[in-house]
Structures are given as C-alpha cells and as structure tokens.
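Trainee: For the record, the sequence lines run as chains A and B.
If you count the first sequence from 1, position 32 lands on 32 in full-length UniProt numbering, and the numbers rise without skipping.
If you count the second sequence from 1, position 286 lands on 286 in full-length UniProt numbering, and the numbers rise without skipping.
Some clues are possibly wrong.
One copy or any two copies: either way a pair holds, since identical chains are not told apart in the list.
What the hints assert, rightly or not - In silico BS3-like links for lysine-lysine, alpha-carbon gap of 25 Å or less:
{"hint": "1", "residue 1": "K20", "residue 2": "K326"}
{"hint": "2", "residue 1": "K326", "residue 2": "K288"}
{"hint": "3", "residue 1": "K89", "residue 2": "K288"}
{"hint": "4", "residue 1": "K326", "residue 2": "K66"}
{"hint": "5", "residue 1": "K326", "residue 2": "K344"}
In case anyone wonders, no lab produced these hints; they're calculated from the structure.
Protein chains: 2
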Amino acid sequence: MKLEQIDTPAALIDIARMQKNIARMQAHMNTLGVAFRPHVKTTKCIDVVRAQIAAGARGITVSTLKEAEAFHAAGVNDILYAVSIAPSKLPRALALRRQGCNLKLVVDNPTAAAAIAAFGDQHGATFEVWIEVDTDGHRSGITPEHESLLDVGRILHENGMTVGGVMTHAGSSYELDTPEALAALAEQERAGCVRAAQRLREAGVPCPEVSVGSTPTALAATQLNGVTEVRAGVYVFFDLVMHNIGVCALEDIALSVLATVIGHQPEKGWAILDAGWMALSRDRGTSKQAHDFGYGQPCLLNGTPLAGYVVSGANQEHGILSPTEKGAHEANGDITQRFPIGMKLRILPNHACATGAQFPEYQAVAPDGQSVPWMRFQGW
Amino acid sequence: MKLEQIDTPAALIDIARMQKNIARMQAHMNTLGVAFRPHVKTTKCIDVVRAQIAAGARGITVSTLKEAEAFHAAGVNDILYAVSIAPSKLPRALALRRQGCNLKLVVDNPTAAAAIAAFGDQHGATFEVWIEVDTDGHRSGITPEHESLLDVGRILHENGMTVGGVMTHAGSSYELDTPEALAALAEQERAGCVRAAQRLREAGVPCPEVSVGSTPTALAATQLNGVTEVRAGVYVFFDLVMHNIGVCALEDIALSVLATVIGHQPEKGWAILDAGWMALSRDRGTSKQAHDFGYGQPCLLNGTPLAGYVVSGANQEHGILSPTEKGAHEANGDITQRFPIGMKLRILPNHACATGAQFPEYQAVAPDGQSVPWMRFQGW
Chain A
1 MKLEQIDTPA ALIDIARMQK NIARMQAHMN TLGVAFRPHV KTTKCIDVVR AQIAAGARGI
61 TVSTLKEAEA FHAAGVNDIL YAVSIAPSKL PRALALRRQG CNLKLVVDNP TAAAAIAAFG
121 DQHGATFEVW IEVDTDGHRS GITPEHESLL DVGRILHENG MTVGGVMTHA GSSYELDTPE
181 ALAALAEQER AGCVRAAQRL REAGVPCPEV SVGSTPTALA ATQLNGVTEV RAGVYVFFDL
241 VMHNIGVCAL EDIALSVLAT VIGHQPEKGW AILDAGWMAL SRDRGTSKQA HDFGYGQPCL
301 LNGTPLAGYV VSGANQEHGI LSPTEKGAHE ANGDITQRFP IGMKLRILPN HACATGAQFP
361 EYQAVAPDGQ SVPWMRFQGW
Chain B
1 MKLEQIDTPA ALIDIARMQK NIARMQAHMN TLGVAFRPHV KTTKCIDVVR AQIAAGARGI
61 TVSTLKEAEA FHAAGVNDIL YAVSIAPSKL PRALALRRQG CNLKLVVDNP TAAAAIAAFG
121 DQHGATFEVW IEVDTDGHRS GITPEHESLL DVGRILHENG MTVGGVMTHA GSSYELDTPE
181 ALAALAEQER AGCVRAAQRL REAGVPCPEV SVGSTPTALA ATQLNGVTEV RAGVYVFFDL
241 VMHNIGVCAL EDIALSVLAT VIGHQPEKGW AILDAGWMAL SRDRGTSKQA HDFGYGQPCL
301 LNGTPLAGYV VSGANQEHGI LSPTEKGAHE ANGDITQRFP IGMKLRILPN HACATGAQFP
361 EYQAVAPDGQ SVPWMRFQGW
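Chain A extracted, bound-state conformation:
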C-alpha cells in the first residue's frame, strides 16, 4: 500500500531509519565488547525484534509476561523479564520455563526472593533470577552497598535458585541533555552494577552476568569494563525526547503518526487533525525539556519537519496544529491554504513506547514508499 492510501491515523515505521538505528546500536555494543539485549517493550512487534536479533542481539528484555509468552511463541528463547516479579505471577513464569523458555526473572527484595525460592522448591523448579540494582535512585532496585543485596543473593543461592546476574537501569538519563552528563551517568551505572556483582561474588554468590542500560547511557558509554551485556529499547525508533536528550537527530526518528487535516479555526491559526491523544498518546515527555514539542512535530509526507509548527493540543480524536509563535499564522498566510482539508502529515512522537502502544499495528514503510502491516500486541 502507498502512504496516500493508508487510513488515518496510522503508526508508520520508516524501515530504513529503523535499520540504521539498529545497526548503530549493535555496532557500538560490538566496539565496547558487550552483548546486547534489546528491550522489546517499545515495539511489541516480532518483525522489529527479528531485525534486532538478525543484527546480533543475544536475546531480549521484556516488561511483561505477555511479551515473554508472545516472543517465546515466535521463536525467541533468551528472555529477561526486567520487572521485579509479583509472587502471584510465578505460575505463568513456571509454565514458560516448562515450555523450554530460557526465562530469567528479576527481584529486588528478600520477600519476593523467598517467595520465588519457596515456589521453586514446591514445584521442583530452578528459576534463574537476576538481582535489580539501583544505581541512580530513580525507581526500584537495591543500592550496591545495601545489606539486602547480599540477603537477596543468599536467599536465592542457598535455596537452590540460580543467581544469573545483576541488572540496573539508569532511567534518570532521561533528565539529562549534555554528552558529559550522559557519559558520567553511564559510568555511574556501570560502576554501581559492577560493584554489586563484586559484593555478591565476594559473599560466595555466583553472579555471571552484569547487565546495564538505557538508550541514552548505552549510546554515551565509552568503556564497560566488568559489564557483560547492555539493554536499551527506544533507540530502535528514537523520538523527540531522545532528540532533546541529544542522542539522535530528528531525521533518525523512525516512528511517526500519519494524520489528515479535517478542519480549521482560521482566526486562531489552527488546523485540526484526525490524530488526537488516542493516536499520539498522552505522553508529554518533552514538556520539561529544553524544546517542548507539544504533542508532536508535524512533518510533510516525505518526512521533512515543518519548522515553526507543532501539535499544540489534543483531545481524544482531534489534534490541534498551530504555529509555535503567536501571530506567526498571519505572517505564514492563511492556515486553510497552508494545510488544506485532506492534506496528510506525519507527526513525530514525544515518546515512541507510549505512541506505539496506542495502535494494534504499525504500517512499515519501505524506501520505495510501499507499506505492509506489522502487528503489535496489547495487554498483560
């Protein structure tokens, strides 16, 4: 199907840009001498994940057991479920292991570690568990010097579970926007996670893997001594938040929302689009960054960004495209002529993970302009 024929709103993947992003990250990992485990929560799409594995990824990271189930069914075997597991989810994890899936769990507290060990003992199962380390205080995990790190390691190890490694995610990288700050956080992430592994090993708990990563720190890292693998998700598409952080150009962003002009408010300089927050998502991740892109950056159908315009507002199925500077619509001429009814535009999203999740499928666009549907799934 050609772009002009696709019903709007639609989520477009620019395949050439996606492949370039995949190659860039994998080459950087190869240079650093570490394995790469992409986080597939961004896309939940087997077509994308096949491209990541073909480029050299060792396995995948998932954020839900549904992702683990779906990707294992599609042939992926090495899967890290990177959210500290709720004990009530252990039966689903066990079912996956019994289907042959090399599923690794994550935990960051003694209670859940004991629940895993008890459940494993009860069912004659040995779970592989990685311990989550907190290297930047932004969310979950155990700080490297905290006593409970060793408690968790011992509970697992002494009760017959396999401690597969330690993992951390320096998600506060999303708040930075200079190469120096990113490089410093990447080093903090590396050093903290390596230190946690060291403490476990010194306490007699095996800890073969040391896994770090977020898209900004993965790209900013210059040495990863002691690290065995890196995880990153949004790099595969990039987005406006990543552009503001400084790790991609607008021209690298591989996801956009195709929209149609359906109305105007000429006195206000507005064009109304048929893509509202249901398509663009409610994510306003750029609102606190140096450049606020509203609900997204409009581009022409060929991908050229329309400087001076932004999607400034969004209701469920309506987007408001307006000039970024008040009064600019007068200088730019009549909005109804500039963006006539029926005109199609591509909107670059603030956050590719959130925008993609609004759609049951992507339209993957090849360099010749032809597109094919790539399914993605929803739910838990």
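Based on these hints, arrange chain B on the given structure of chain A.
Mentor: Frame of chain A; chain B shown alone:
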C-alpha cells in the same frame, strides 16, 4: 473469578457503580425532556453500551469509524460519528450506510461538505450530515453567527444531502469546578447550538436535531429548551478529573486499575506497583486542577480510598505509590509493612477514557465480588 485471582494490572469495572451512573444521567435527561445519545469512545465495550441502551439511550455517539463498524455489527443502528469527516473516509461511511446503518456524519467546513455532496452524488447516496457548532472556542466547529454555517448548510441541502441537525461539545467544561460556572457554560452551549439551528432554518435549511453535551454540562443543565438530544461519555465511569470538576464523588468512580505491590524504597517511603503508565495511561488531567492526583488515587481492594497516598510517578510498568506529604511515611510507619509485597490495590484513574484504552479487556466486577471479562477494542 474473584478479585484476588485476577492477574495484575487489570482494568476493573464496578458494575453497581456503573449502573448507578447510567441511571443518574438517563433520569436527568428524562427530567429535562431530551433524548440521550451516550458517547461510547469512553468504553468501546458492547456490554457497557447495552446497559446504556437498556436504560433508555436513543442511539450512540462514536469518535471513530471503527467504533461505528463494531457497534453496528453488534446491533446498534442509530450512530452519530462526531468528528468532522476526512473525505478519504467516505467510502467506509458509505459501506456502513449500505449495510443499513443509520450513520450520521459531522462536518464543520465548506470543503468537506462539498466533498461529501460530490461523493454522495457520484455514488447515488444521500448522507445524513450534522453541522458542528463551536460554542466555547475550545476546538472545532463553526461559531453560531459565522457566515460559513449557512454556506455549509446550503452546500449540503442544495446538493441532495440531508442536514440532520447541529451538534456542539462544550469541552471547556473540563476547565471549570463550580456549579455556577458549569450551569453558565451549559446554558451557553444550549443557546449557541439552538441559535445555529435557528439561523439554518431561517435560511431554508432543515435542521431537525439540536445536539449538545459534555458530561459536566449535561449534568449541570437545568433547562434545555430547543435541544433535542444530549451526548456524554465519561459519566458512565467517571474519574478523578470529573471528581475535581465537582460532578461526582470518589465513591461514584466505576473504573479502577488493579495493581500489586512488587517492591519498596523504604528510605523514600515508596511502594513500587506493577501498574505504570502502560496501565494507568499518561493522562495527567488532574495536574492543573485544584487536587493533583498524580497518576491516580490508591484504594483498598474493597474500594476504600487510601487518604494521604497517591501514585506519584509512573514508568512503563512501574508505578510509585508514596505519601502525599513529604515525611508522612515516617509518621505512617514502615512502608514495607503498610503495603507488603503482594498486596493488591485499586487505583482510581485521572481519565477513564485514556486509562480504559490501555487495556484489551475490562474485568467487570459484580456486587458479589465475582468478575467476568468484558472485551474492548483498539484502533481505527
């Protein structure tokens, strides 16, 4: 299935609350002597819509053609597609009409009106079209005194289309929070839409229907002279935004997200939940209201709100539950004891339309605590 057995995160509908909300709105419409056409974009769920129709709704309002197709297939015939139509969507609209669907289109500009008339003429089809009126300047529509109102009416009427009526949506009601301001906006919405109908009729364009509504103005209206029907969507579930506006109590909110405690950061007073923004949505609609509920209000499993706690942060699959006042976690005791690993909570959402959209199904909970899945759909 019992609440305790449901995998988390899950979107729960409290059926008793939902039925009470449906009955309240329908009774108010009956008192005002107008028909009611609920907006089903909130739920996209046939089980909910059947309850609305059983209570007396005349038909439904939809925000996408996919909703029109899905609900027509499920037996609903009287459908208003309340977004100004992109001409490229006319073939899908025609297909629905030819299947016997009493589909009404909406338009707010001469270009699209002419496109509808030309497409109808080309295919020997008479579309019923309602003209969108702008009564509060918040988004789309034609202001009641604007010349293009009559242009659009004449283009449709003189080219063989049926002008079915005028419709407006005073969406700026979401910015208000006093009964007086809501009543004033309800009257502004009514008067503006009635005036637009009067102008069309005086110009010789038939205009049988006058349709107004948003949940806050629908509930605040005290007389609707000249109006024939009202539309509202979110009233069926209500949410924290509606609570802040003042049109429902916390105890009326029928949608909640079931979540499990999966970790803690005791020094910060945080409990970590397995419901992040993928479950709760990125909607922060209460952030500019008098009471900012963060990403949602936590409640016990029985529905009792946990005063003094809020979901203060959210990543994709992690929510952060914390005290609303800094230092309060010390006064409240150890967060790990108050919210132990594995504890289940219900989170009231900021915006039911956005939160529901994150889920492929609801779990509808009956008064006896048993739940059944109610499917909802995604996409366009």
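Trainee: For every hint, state whether the structure bears it out.
Mentor: Hints and how they fare:
no.: 1; hint: K20 - K326; verdict: neither (37 Å within a copy, 46 Å between copies)
no.: 2; hint: K326 - K288; verdict: both (20 Å within a copy, 22 Å between copies)
no.: 3; hint: K89 - K288; verdict: neither (36 Å within a copy, 37 Å between copies)
no.: 4; hint: K326 - K66; verdict: neither (46 Å within a copy, 36 Å between copies)
no.: 5; hint: K326 - K344; verdict: within (24 Å within a copy, 48 Å between copies)
Of the numbered hints stated above, those contradicted by the structure are hints 1, 3 and 4, listed in ascending order.
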